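J.: Single-letter residue listing:
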Amino acid sequence: MAYPGNGPRAGRTTGRQRNSLLNNASKTPPPVVGPSSAINYGQQTAAAQMTLSERLATLKAQQGLIAGQFRMDRAQVKADAIGSMAGAVNSALDRGILNSSIDYGQRAGVLSERASGIQAAVQAKLAGKLGLRTERIGAFNDYYNQLFAIQSAKSAEQQEMATQAFLNDLVMRLGDEQGPPGRGPGGRTAQTYKGSNLDEMLGTAAREGGGTAAKTGPNQAQKQLTQLIAPFINFLPESVRRELIGRLQNALSMGLLGNLAGTSGGVGPGRGLR
Amino acid sequence: MPVITAPNLVEQSDFGGGWAPDIDSAATDANILPDMMNLLPDNGGSDALVTRKGFKRVREELAGLSTHYVKHIFPYRNATSNYLICILSSDAAAANNVRLYAIDLNDLSVARIDTAGVTWANPDRPHWGMTIQAVYYGGSPGNEVYSWDGSTWDATANTGTWDTLVDSVAPGSGEVARDFAFKGNETVTYSGDQYTPARGIRFPAWEAGQHYESGERVSYKTAIGGETYWRSYRAIKASDSVEPGIASGWQAYWQKVRLPLPVNDDGETSAKWYFVPIAPGSSVAQWHANRFWIRYDGQGDKSRVLYSAPTHPEKGQDVPDVVFDMTDFQPGNDIKGPGGGWIPVNDGRQEGVVEAMWSYGQYLIIFKRQATWVLSGNSEETFTLRRLSRHVGAVSTSAVVELNGLVYFLSDDGLYVTDGTAVEPVPGNDRVRLTLTARIDLMHAEGAAGNLREPDVFTWDDMVWFTLPCDDTGVTNKAETWVYSPKTQAFYRTDLPALAVATARHKGVRKFFFSAPTTYSLRDLVYQYDHVSAVDGSGFETDDTGVDTYAGTSAIAWYATSAWLPFGTAPEQRRIRRTWAIVKGVMTHTIKTYRDWSTTEVSSEARAVTSTFPTHIEGEWVPDARAIQLRISSTKSPAALYGFAVDTQPRRVRYHTGTTN
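So the sequences go chain by chain: A and B. Under our numbering, the very last position in the first sequence is 274; numbers go up by exactly one each time. Under our numbering, the very last position in the second sequence is 661; numbers go up by exactly one each time.
No lab work stands behind these hints, which were simulated from the structure alone. These numbers were taken from a predicted model, which means no experiment stands behind them. Heads up, a few of these hints could be off.
The calculated label-pair distances, taken between Cβ atoms and stated as ranges, are [said to hold, decoys possible]:
#1 A:S37 / B:S214: 34 to 44 Å
#2 B:E381 / A:I118: 34 to 44 Å
#3 B:A252 / A:T51: 17 to 27 Å
#4 B:A252 / A:L65: 30 to 40 Å
#5 B:P204 / A:G83: 54 to 64 Å
#6 B:G215 / A:L65: 32 to 42 Å
#7 B:P204 / A:K78: 33 to 43 Å
#8 B:P204 / A:N145: 23 to 33 Å
#9 B:G298 / A:K78: 51 to 61 Å
#10 A:Q43 / B:S214: 48 to 58 Å
A partial selection of chain B residues facing chain A, derived with a Cβ cut-off under 8 Å [what the hints assert, rightly or not]:
#11 V218
#12 Y220
#13 I224
#14 G226
#15 E227
#16 T228
#17 P331
#18 P338
#19 W342
Sample of chain B residues with no beta-carbon within 10 Å of chain A, all distances over it, derived [claimed, not checked]:
#20 A48
#21 S241
#22 P344
#23 D347
#24 E380
#25 T384
#26 T549
Quick reminder that beta carbons are idealized off the backbone N, C-alpha and C, glycines included.
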């Protein structure tokens, strides 16, 4: 059996089916979001980028401030040291103890304070720089978090749209298998199935199909369903696949899909989807 | 009573002007004595002059040495007795050139206290001596500070027992290795100087089985290379039981922590060590503000003073005493507390070396030869130094004394006084300044010639006394002691042969001990002024002759020459009827008369006084005169001079009209 690949399909003379799901999926880019959503995402991304830029600019300015503050602190320490040294010497002079051990001790104290003051300024500068680095990392983290959130939302929306498209395609193909070419079960096209979501579409399809699931039992029907649609959804991500199967099974158990595995009016052996 | 000038009578009974050798004797006030000897103001407050007391040796010779003289006497008192510490010197460069003896005043026994056989440096230089916490300390230039506590002599009281720092060799006895785990309070000797670590490198002891992270520091005392002492290490790699310094491959886990050498190859002191000064050999020291102060000889131009750490409470005592450590001159820090240091007494002008110091209340007065400084404050935070005077300083270590709240000191310009805020000559200084300066100059010249004898200023009987021994051949009285009375603001001269003086209380009585220069004493003798004993009775009015063995005394001669008493500016003579004096003393008194400003004696009358009461003695008639001068004297003591009088009569006016009469 060539189908569901892209090879020739039984009963068809048209050769390769160019409009198959896999073929379409392989050639058609994933569904894009709508214009309004795209604009919204773009705005969010731009806002995130703007925020990042603003924060980086602020950090840059703060870096300059820190450097400037360090230079000022250092200059202040030096100026203070000069003043303190002059004060120490003047004090020693006033006290008449110039060049005494007391004077030298006071001068050494000034130099020590100068060294410790400069060290404190250096520490403050390093601490400031460290804070800037932390803030910079935080800014980028925030930016990427926002960006990933936007992308994630967009991807989710795209995924939902892809799932919807797939489901539409699947229903259409199920119709193709059970009815005349171009028609779904009961001769309906995909567009004739009412409903805006999968459950509704599946429910519509099941009602058209006769609802024979109760006759064969849900387990058997689920197995058949799984076997039936497995070739079409193998390329889908596991989570999507499980979601899809789960919904179909729910529809099946509710008899909404009819007797997909039955022998009359449905998808039967020899013709059915396997 | 002041001078009374009646129409025909001149009376003078006020001698408050004292001795005034520098004033033109023809122009002095009547209460001044141009020349005098051995008369002092009466302490009872009268205007009379009384003879000085005599003296007698405290005991026979100290060591029986004719080669040594008693250079200094310092009082010392400990818990058991009172002593006189006598420093003998021969001024020669030889063994035993300086000897220290202690006279126990309880029994007058004497014992040599220093180590025999030592050749002292600078034997002619002055010593300082003082008692600090019942221990006698002393020193002199070029010699270590010494001490004596009544039984034990310490020739190096300023150095202590410090280990020598050695590097790369096994430390022997009295040595400490460089990689020793110093606590920070040690003092070590290195290259002849002392140092203390600026910080400690003693860490918690390493323990086997403990886990040590990189960066942790430990100290470990164990035998390495046969040497057991504390060493310190820093972990450079985590370990659990790698014994530092011992385990195989321990270097992979531990790094030695050790201090650098105190002095690098350039001779600079490491920042991780403090240079520790020690009390130098000096002749100037003082106790002030709970610290010991000493001139920093050997550093600079002898214009620095070094001070010790202050006394501190005794450790480990419930009720601690304060203790003093003569070896503790190292700078203070946050752990140790206040320490020692030094202060230059110099503002760029040299002004001589520091000659003396005196603790005066909140002030330490520092005397250079040509300047006076005062240090106020009691701690390094409050020490303030300022100069009180230029050109006026002290002439010797012992040229300063305090009396009745003022500090008197002998300078090159005479006797000065200060209250810590200003320096002034004592009132009356002008009357003796030239004579005093000349004598000090002669003493200084004698010192330069190798016969140093310095003035010793002291107080006695509420007066300032100062010795002026001078061996110069041109000096008549080689031993003189001058006296200044703040009450009369006048000087008096005695021939008391004092060289070194000590006044000390003994058995509740303040006593005055002194030694004599070699021009008077033939041996090493110590005398007591106004010697009182059971044998001598209530006083001593004669002088010990200073011969080898006590052989009696000699009488104290005295004299007083009055100012010239002129009878007016006009060359008008008056008839001199009689002269009198009121004296006291059972002896023969002599009245001499001079006329018309001539030194030629015109009359001399000896009067024997047998009464113990004040007595008039009468002089002789002399020719008519325009001015008259009296000289009252005697060859013995005790005596008192109350006043004198001259009775005149007018005579026919007979003017001389020449350029001179």
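J.: Give a verdict on every hint.
T.: Verification of the hints:
1. A:S37 / B:S214: 34 to 44 Å: violated (57 Å)
2. B:E381 / A:I118: 34 to 44 Å: Because 27 Å falls outside the window, the suggested range is violated.
3. B:A252 / A:T51: 17 to 27 Å: 52 Å Cβ-Cβ, so the 17 to 27 Å window is violated.
4. B:A252 / A:L65: 30 to 40 Å: 46 Å Cβ-Cβ, so the 30 to 40 Å window is violated.
5. B:P204 / A:G83: 54 to 64 Å: Violated - the Cβ-Cβ distance for P204 of chain B and G83 of chain A, about 42 Å, lies outside 54 to 64 Å.
6. B:G215 / A:L65: 32 to 42 Å: holds (34 Å)
7. B:P204 / A:K78: 33 to 43 Å: holds (39 Å)
8. B:P204 / A:N145: 23 to 33 Å: violated (48 Å)
9. B:G298 / A:K78: 51 to 61 Å: violated (38 Å)
10. A:Q43 / B:S214: 48 to 58 Å: holds (54 Å)
11. V218: violated (28 Å)
12. Y220: violated (32 Å)
13. I224: violated (36 Å)
14. G226: violated (41 Å)
15. E227: At about 36 Å, which exceeds the 8 Å cut-off, the nearest Cβ of chain A leaves the hint on E227 of chain B violated.
16. T228: Hint violated; T228 of chain B Cβ to chain A Cβ min 37 Å, cut 8 Å.
17. P331: Cβ of P331 of chain B sits 6 Å from chain A, so the hint holds.
18. P338: This interface hint is violated because 11 Å lies over the 8 Å limit.
19. W342: For W342 of chain B, the interface hint holds, since the closest Cβ of chain A sits about 5 Å away, which is under 8 Å.
20. A48: holds (47 Å)
21. S241: For S241 of chain B, whose nearest Cβ neighbour in chain A is about 37 Å away, the distance exceeds 10 Å, so it holds.
22. P344: Given that some Cβ of chain A is not farther than 10 Å from that of P344 of chain B, nearest at about 5 Å, it is violated.
23. D347: The claim breaks: D347 of chain B does not keep its Cβ more than 10 Å from every Cβ of chain A (closest is about 8 Å).
24. E380: Incorrect as stated: the minimum Cβ-Cβ distance to chain A is 5 Å, not above 10 Å.
25. T384: Non-interface label on T384 of chain B violated, nearest chain A Cβ at 4 Å vs cutoff 10 Å.
26. T549: Non-interface label stands for T549 of chain B: nearest chain A Cβ at 54 Å, farther than 10 Å.
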